[in-house]
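Got two chains here, each in a separate frame; can you build the complex from them with the hints?
Same order as they appear, the protein sequences are chains A and B. Just add 516 to the spot in the first sequence (first one is 1) and you have this note's numbering. Just add 1067 to the spot in the second sequence (first one is 1) and you have this note's numbering.
Don't read these hints as lab results, they were simulated from the structure. For every residue, glycine included, the Cβ atom is placed at its ideal position computed from N, Cα and C.
Covered stretches of chain A, as calculated for chain B (at least 3 residues, CB under 8 Å):
hint, region
1, 525-534
2, 607-618
3, 622-631
List time: in silico DSSO-like cross-link candidates among lysine-lysine, alpha-carbon distance up to 27 Å:
hint, chain 1, residue 1, chain 2, residue 2
4, A, K608, B, K1172
5, B, K1209, B, K1122
6, A, K608, B, K1122
7, B, K1105, B, K1122
8, B, K1209, B, K1105
9, B, K1172, B, K1122
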Amino acid sequence: MSEGPNVLKMLIVDDSNIIRRRIERSQQIDRLEVVGAAANGVEAVELFRRTGADVVTMDLTMPEMDGIECVTELVRIRPDVLILVISALADKATAVEAIERGANGFLCKPFTDRQLNGALEELLAGR
Amino acid sequence: MFRETELRIFIDGALRVFETLTNQAATVGSPYLVTDGKPGTYDFAGVIDITGIRKGLVYFTAPRGMLTVLLMRMQETDTSEENMRDLVGEVANTISGNARRDLGKGFVISVPNVLANASEGVGLPHARCFVIPINWRTHAAKLVVCLQ
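In isolation and in its complexed conformation, chain B is listed as follows (with noise of 0.2 Å):
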């Protein structure tokens, strides 16, 4: 059973993209469970099942011009909609990866399913979902674990 100490591996991972890919570091907020309606989406995001010794899945999840900043920040020149997809798959990718340091190779990871302008939202299991708010320079993002 996923256990909220749990939560402090996908924070780290977080604070450890955005200070790695941009050299500027993010700010998260408190964490918290959702318990009623859905965790939100915003313009993109990026979907990691998880499967294995865990089930449920990750998603980060970022407004579009997060995206373009980020993306400027790491030097790319192409900022078009395919490469803000690309990158918020990686960075979901990226964190649920980082995260088996702690839970082991056991703790298995999709290929990102990446949805954009969603507002259907994410189709979420049956699993308490956390949301943790990720701040970066005047924009705001989402770390949403939702795990068995």
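Excised from the complex, chain A in its bound form (with noise of 0.2 Å):
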């Protein structure tokens, strides 16, 4: 995809390889340019640092930073990020948590590839 001004940068954060490359390979909107994956929130956290991204998909039971502390981290640093969480917990304490770490909205694993673009757009529509 080439750059352009309308262009969303992407980055992914989840502990599993072929769920972050089932993400890249499924996300369908045009905007989003997808600028890096990490496995956990450490190296997230570097690579925002690195790549400026604007969106970003974070898992939430990870090793080395959980999800839920590296989008407090995120927000600190940039408090404007997008941040859909895709976890495959289930209960809606976690969610609320999450919500109100600043994460944007919330995505239940197993997902289907409708449902990840669905949840992208909605992600996308409340910028």
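Structure below.
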């Protein structure tokens, strides 16, 4: 995808390689360009600083630094970042906590391609 | 204390994972309690330690052939052993994480610990172990739930 004023840079954070690859392969939003992928929160913060990503998909259960902690850190660095949490943790309390920490949306695993793209569209519509 | 009726949570979770990831439904056999010996493993096992309001573990174990076809159904072209390990851990993580919809945030799950070619099996806690047989296409797998 060519860079342009409307293109948003996306970072994918998940400790599963196949999920990272699946999100990259399945996302069909023209305005999004994947600029990096991280396997834990520590890597994510480093990549976020380096790439200046506008949009982040964030797993929660990860080694090193978990997703909730990472959301907090990314929002501290850049308050207007858009974060879609994609997690298997399906309880309402976890979704509420993620939103309170600064995430903008929540998609529960397992997800279909349609659900992923719908959640990303909704995320961008709120920008 | 873990109740047998709560097995439904894990059965539903397993069926949802297969249906959503592959667009092909799986079926489950009758769950059974392991009373003698160990539940056993196939080629790969993704183990989730459970702490908080429940203690024990949940693991998903599957043979290489099933994981290869699962990856292909997910449009994944890399069917390496590394990705099979990744997948078996992700399935275990997803089923366990989804259980929090019913069991709540106090059902705390670890990141997956993956065993490959684990002939010695999984180290089991002092808890009753239920086996949920899973059939998908021509393949068989197991979800094992050992919770106090």
